[in-house]
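Read top to bottom, the protein sequences are chains A and B.
So for the first sequence, my numbering puts the first residue at 64; every next one is plus one.
So for the second sequence, my numbering puts the first residue at 39; every next one is plus one.
No lab work stands behind these hints, which were simulated from the structure alone.
Fair warning: there could be bad hints in the mix.
[Claimed, not checked] Derived DEER-like restraints, expressed as beta-carbon distance ranges:
| hint | chain 1 | residue 1 | chain 2 | residue 2 | range |
| --- | --- | --- | --- | --- | --- |
| 1 | B | Glu352 | A | Gly242 | 24 to 34 Å |
| 2 | A | Asp263 | B | Gly120 | 50 to 60 Å |
| 3 | A | Asn260 | B | His119 | 51 to 61 Å |
| 4 | B | Glu306 | A | Asp142 | 32 to 42 Å |
C-beta: ideal position from N, C-alpha, C; glycine also.
The lines below spell out each chain.
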Amino acid sequence: MNIIVCIKQVPGTNKVNVDPVTGTLIRDGVAAKMNPYDLYALEMGLRLKEKYGGTLKVLSMGPFSALEVIREAIYMGADGGILISDRKFGGADVLATSYTLCSGILAMGEFDLILTGKQTTDGDTAQVGSELAEHLKVPHAAYVRELELEGDRLRYVSNLDNKTVEATIKMPCLVCADGEVNTPRLPSFKRKMEYGNCDDLIKIITFDDIIDRDETHYGLKGSPTQVERIFEPDKTKEKVIIAEGDLAEETFKILKDRKYI
Amino acid sequence: MGLLINQKLVNDETGRQLEKLCPFGAISYTDGRLEIGAGCKLCKMCVRKGPEGVVTFAEEEVMKVNKDQYRGVCVYADSDHGVIHKVTFELIGKARELAKVIDHPVYAILIGSDTDENVRELLEYGVDRVFVYDHPELKDFDIEKYANCFADFIERIRPSSILVGATNVGRCLAPRVAARFHTGLTADCTRLEMKENTDLVQIRPAFGGNIMAQIINPYRRPQFCTVRYKIFDSPEKVENPTGTVERVQIKDEWLESSTEILAVHEKEKEMDISEADVIVAVGRGLKSADDIGMVQELADLLGGVVACSRPLVEAGIFDAKHQIGLSGKTVKPKLIITLGISGAIQFTSGMNSSECIIAVNSDPEAQIFDVCNYGIVGDIYDVVPKLIKMIKGE
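Excised from the complex, chain B in its bound form:
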């Protein structure tokens, strides 16, 4: 609320003095720590009459920051128990482009435990400096501990822009940290550009994609944004990584947390076609249940799931949970490949808002070609086996 405590200047003398001074009883001094509670009315008595420098009032809301004091485009390295989420590399690629415009370094902040392998990977993608917060207690994501480490990084390094992957962890962490620094955060950007004055141009769909909004954060730093996986290109690794590493000494107070993690479970991989990013859907063009193998293989190669249209459920070839359409499930994947599906409205109304539709059908008049992005007029038995071979690089 505008009042900042410099805990370094807090001791028994100043702490008790401030506790007594506050007319609303909002300041408490316990276990060597001074806290301003919800009773604070911002009378600023503690700032004016208290020991100098312990409590200060931040005017930064109305002040424009000196942008020259903030350097670097930083990527939060989303590491889940030693596995870096691929969105991180995509963001590093984008960060390199953005940093080049303003001649800033590219940073990565990595929080976790046993991070050596991750550090090496980050350097391979061309990060100039990796800031590592490694501690056994940082093994599991804990919002308070992670936010404290992140805050230390921002306070000391003062990056100009921070890019965070829009994973559940990223969506939890970025807002918490952005709010701590009273700065802006733009969610789910689909395009990022850099102005010469270091303002990050953040473009995102608003209102379910009806309207695009171009957003800037002109007066505050750092500039925070989140970006979903698969929005940007994954960059090539650099040949001779030259980046450096700073291993940060973790302070005990950063590890204080109100959360106690009891157990972390790997999620069971349950088939839900409406959650899938990639779907290979097959219809009446499938001649025999024995041919599902090639459909499944294509789906596996694309990291997707197999779905079907109604006739195959009625024929008993597929379970109803695989069915797309009005009487089945509505899907909106990033990619759907339909194989031998004619495209009756019953089916297309359950999938026509998919991001990319590739339809393979031997009938050039099939309705599916009205809703697709790419129409392949051909026999699935010619196209699919050969396509599988090509993807496998055979």
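Next up, chain A with everything else stripped away, as it sits in the complex:
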């Protein structure tokens, strides 16, 4: 089975700067880590690979600093990684991001399974995986908690609101792992010593390496949504202390005003 796991480097903190001209988030200079939700997808993929054989590669998109999370994935057990990195990809919204990942995957060749995390902790949209599946024209399953090979299909359990669904899906396909579905392994010190900075295992793809080189499909140009403005939320926490009157009735009013009842 050929598995590709999509991973993303996210800021280590919630502090962020905003580019005043384009309105996009400036990600440079913020301590970074692998998106925690991607770790579950990666662990899910590594377990399949260990059980059924095949290869597992990771794919990331971003600046060269994202090589760090690809190395981490290799130390955890991935066979190699691809970084899609080009200035032309910057400033992408959900559509352009998922399209760029699609282009990267098509440049990587054949695959049986694409795994993604549930969402990232920076964008928080939980939409890139599903859009990626659509661009790749493969079926997908989201919020997957268990995944097993069954003949030429994958059998999964997914978490759909107040239902749990058991199903099988034809490969090639894409699976978005739910959160907290396993305990991701730690990077292996032995692998770290063995592979060092992983130069031979990581390939960098730029705009010139992808098949569809229509610039209007990528980055800011390929993003239908535009951030008109960014503003601070109202931080003044309303605080009301009620010590007199009919306290039950006042409490009732609060619950009603705030639509809890």
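Dock chain B against the given chain A, drawing on the hints supplied.
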């Protein structure tokens, strides 16, 4: 990838012709269907040299759509085996407000099986036209089948905006369909407004609520967004519903799927206080274990769960899985009511990022009043029983 196939013009002759024509072997013609595979290099040979109109190249990425051709504010009716998720009604209420600004109709798209009751409900909330995709095979949510029905609706009806509830189903379906139409999708909007030129203003928190972003989709249609449950008000039902219904004839090809659903299980209701939207937490102010009943009743009335602070676990009144705080669980519900909890940092650090904190405590100096939104200075034994009666409407 920009190439569109008009399957209606595909037949044995045109299909085989195109299959041979493609220099990269990326076009396949099997079982009457033409497909362009991953080998496509977008050389557009099939567009220029192939039979006219079968494969076309969509330039829409650089073209601005004619917004006048898109009418209607549509709500996806999230129906799970015959039960419409309440977020749907909230979105209908908002859709009515938005549509009024531009004098557009409000649509609902409903996909499922045995939908008559659901249709009636949607009309009662003032939808102008309900588009129904009803088929036994649409009983369970299947992303491919549902996306095909949704795509048919968009192609034929061309709505201007589409509002989808941010349930797991909605979060799976909306992106799949939005990507099919190469249009924008904004997740988890907390505010929506309508411009006179039909651009939907979508406001959402970015970066964990540190920053709010105002987003528009000015060149493409439809404009997709998702909204979580309980963000907007649930509207009143209209007195004499005047909306109409279109039952769409389901085509067999929409029901093709790579997924085979084996079983659908109701989730067991397992108590996990950190997952709860509403929590009623009780502390040392509780005089006796016998009084848990009133706390539980309040929690039940608010659709929430009961939690506690450390002393009640140590006293053996509650199991540790109910405990909030550094040594218990961290919670971030939409509403937490604390009853007789003094608010030591050990406790508050496990709950102070809750959306709304209502604290009831008889000591006006209690630390809990430093972190609350509403502080009720009083005895829980006076406040809670009366509050329960009021909620029950007695």
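Hints, verified against the model:
| no. | hint | in the structure |
| --- | --- | --- |
| 1 | B:Glu352 to A:Gly242: 24 to 34 Å | 31 Å, holds |
| 2 | A:Asp263 to B:Gly120: 50 to 60 Å | 56 Å, holds |
| 3 | A:Asn260 to B:His119: 51 to 61 Å | 52 Å, holds |
| 4 | B:Glu306 to A:Asp142: 32 to 42 Å | 38 Å, holds |
Going through the hint list in order, the structure satisfies each hint without exception.
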